[in-house]
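Engineer: Assemble the whole structure, with the sequences as input and the hints as a guide.
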Amino acid sequence: MSRLEAKFISLRKAGRKALIPYVTAGDPIASVTVPLMHDMVKAGADVIELGVPFSDPMADGPVIQKASERALVHNTSLHDVFAMVKEFREVDNETPVVLMGYLNPIEVMGYAKFAELAASAGVDAALTVDLPPEEGAEFVAELAKYQLDPIFLIAPTTTEERIAKLCSVASGFIYYVSVKGVTGAATLDTGAVADKMAAIRRHTELPVGVGFGIKDAASAKSIGAVADAVVVGSVLVKQADAHQDNPDAVSPAICAILSEIRGALDSL
Amino acid sequence: MSQQDSINDFMNMPDDRGHFGPYGGRFISETLMAAIEELTDAYESAKKDPEFLAEFDHDLKHYVGRPSPLYFAKSWTEKLGGAQIYIKREDLNHTGAHKVNNTIGQALLAKRMGKKRVIAETGAGQHGVATATVAARFGMECVVYMGAEDIQRQALNVYRMKLLGATVVPVESGSATLKDALNEAMRDWVTNVDDTFYIIGTVAGPHPYPAMVRDFQSIIGREAREQIMEQAGRLPDALVACVGGGSNAIGLFYPFLNDAGVKIYGVEAAGDGIETANHAAPLCAGQPGVLHGNRTYLIEDPNGQIIETHSISAGLDYPGVGPEHAWLKDVGRAEYVAINDDEALAGFHDVTRIEGILPALESSHALAYVTKLAPTMNKDEIIIVNLSGRGDKDIHTVAARDGIEF
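Here the protein sequences line up with chains S and A, keeping their order. All letters in the first sequence, in the order written, are residues 1 to 268 by the numbering used here. All letters in the second sequence, in the order written, are residues 1 to 406 by the numbering used here.
These aren't lab readings, by the way, just hints derived from the structure by calculation. Keep in mind that a hint or two might mislead.
Straight line, CA to CA, 20 Å or less: simulated SDA-like cross-link-like pairs of lysine to any residue [as the list claims (entries may be wrong)]:
| hint | chain 1 | residue 1 | chain 2 | residue 2 |
| --- | --- | --- | --- | --- |
| 1 | A | K47 | A | K111 |
| 2 | A | K372 | A | D330 |
| 3 | S | K113 | A | Q287 |
| 4 | S | K215 | A | T191 |
| 5 | S | K113 | A | T191 |
Structural biologist: Okay, here's the thing in structure tokens:
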């Protein structure tokens, strides 16, 4: 059983919602990332989404763009990200790690090599933002050889027909993008999210996580009421921006926010 | 047998999912998929609709001023002492470049789809001006994304866009140039997907853009083919055009792709030289990768990060290239070469002095290659070179290179 599957089964048994924080690897400096991952688990993270920096993050808003830029100042590469996950796994062999990023660094490395190195580092899944299933058959096949889960996005504009298609190729969990826009965008319509959840669940038994637009305990709680997992990104990454000159302060600031959200989710 | 010999139709690309061999396709976030599918359906129906095509032709004739002349450059031909050189005068179009062929087509499509707001990315500002122009004419709201660096370099075009009623948004992210403007336009589109049409300026981006923009620009090659038959009584021996994203080039090349006797040369920007780190020549010195929705040749580092490019010409200063060019290179149907900044400037001065035509620095790359190619050919052979835009916008850049300030 994969780490993701095991995690969601145990959460379901406990009646808990999954909390999935996103941080960009190497932001603001490389030495922050692994201790931050451990701290986030202590603060209540169930799964960690680790961003692979890319020079042209087209689907991301300004907060996560800047995180990529900060990480790329010191050339954080896929190899560096694998090394971080490997180091994290020396202590934590339970918390699933999902890599989130764009296709080109993986193209350049080669799909087969990516899958092999990701699996041996202890990565559990890959969310490749600009790789829809129509273009992704070869990549998904390589991931499958190493029991890595391909995570796909579903958007508010995704048709029911495409929801069915995406659900048929996805494993691990489904990631629902709750707003029209980029990461960190403004308004969240909980009612519309609930409607779409129902449509998605008609096509899959997989857990459904919701992200883009969740920024505090209140919004996390309202989404947690209808989803299996809540993904929080930009509001955390802002802390790396705010404390970029004092990297020691990044983890405490992020974990303070996470603890609050954890509390809200556990009150459901 | 080479790949080229085994292909007998170069004009049936892309496949129905936008692939030119391994290139092209649709590498986009799910957040854009519905909009791209809506656009694809609308374009597929429009291109078969005689009414849409008639309106497009009407606007090209009466608003753009087509057909653009195919001009025999007698003095320049004699000076170079080789092949006869014909210049396709896209610089004489309304707004001064080939870009307007495409913006007319896409704006008509936007109107047909009921979109009230258009957005665009621009580097040198030519595509931004061409978009702002058609938006003004159709009464559409227009937002143009432009790298903050480029806004500094192209103040004249920025003001032109503002006069036309467009909002010009400076893009500060990344390297603050054309590629970042494209990223930002995509982000706008995702956010305002219901009422917004994204007018991409070149044959890049996700399917259907590379094919759609090519179709709109192919008027260049269709006219040139007719005009050379009329003037010379036969097809040319070679075509030459500059390649940034590659829309003027594919516009000229496409109608000749199945004419085996016509050699095709795409000219990239070598900047300081393709042996240096400062160039914009992905076909000559890059590798395949995925950016801006399609697989193509890119200028990237060993980790797959996109590298900042350099060219004296802002319109060629882009790290990718249209996927059809990537395919034409691999199958050997077209040859891609590079011309550096100094050579392009020499081409600019030559054609200005010898023919009395002031070319854009983009087009000057193609002209500079002609000065190398023509002397190697016989006097009864024919070259058609695409002069994709006029050079007024580049006067400051040229003057600065000569140490002159206004």
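Engineer: Would you list, in rising numerical order, the hints stated earlier that this structure does not obey?
Structural biologist: 2, 5
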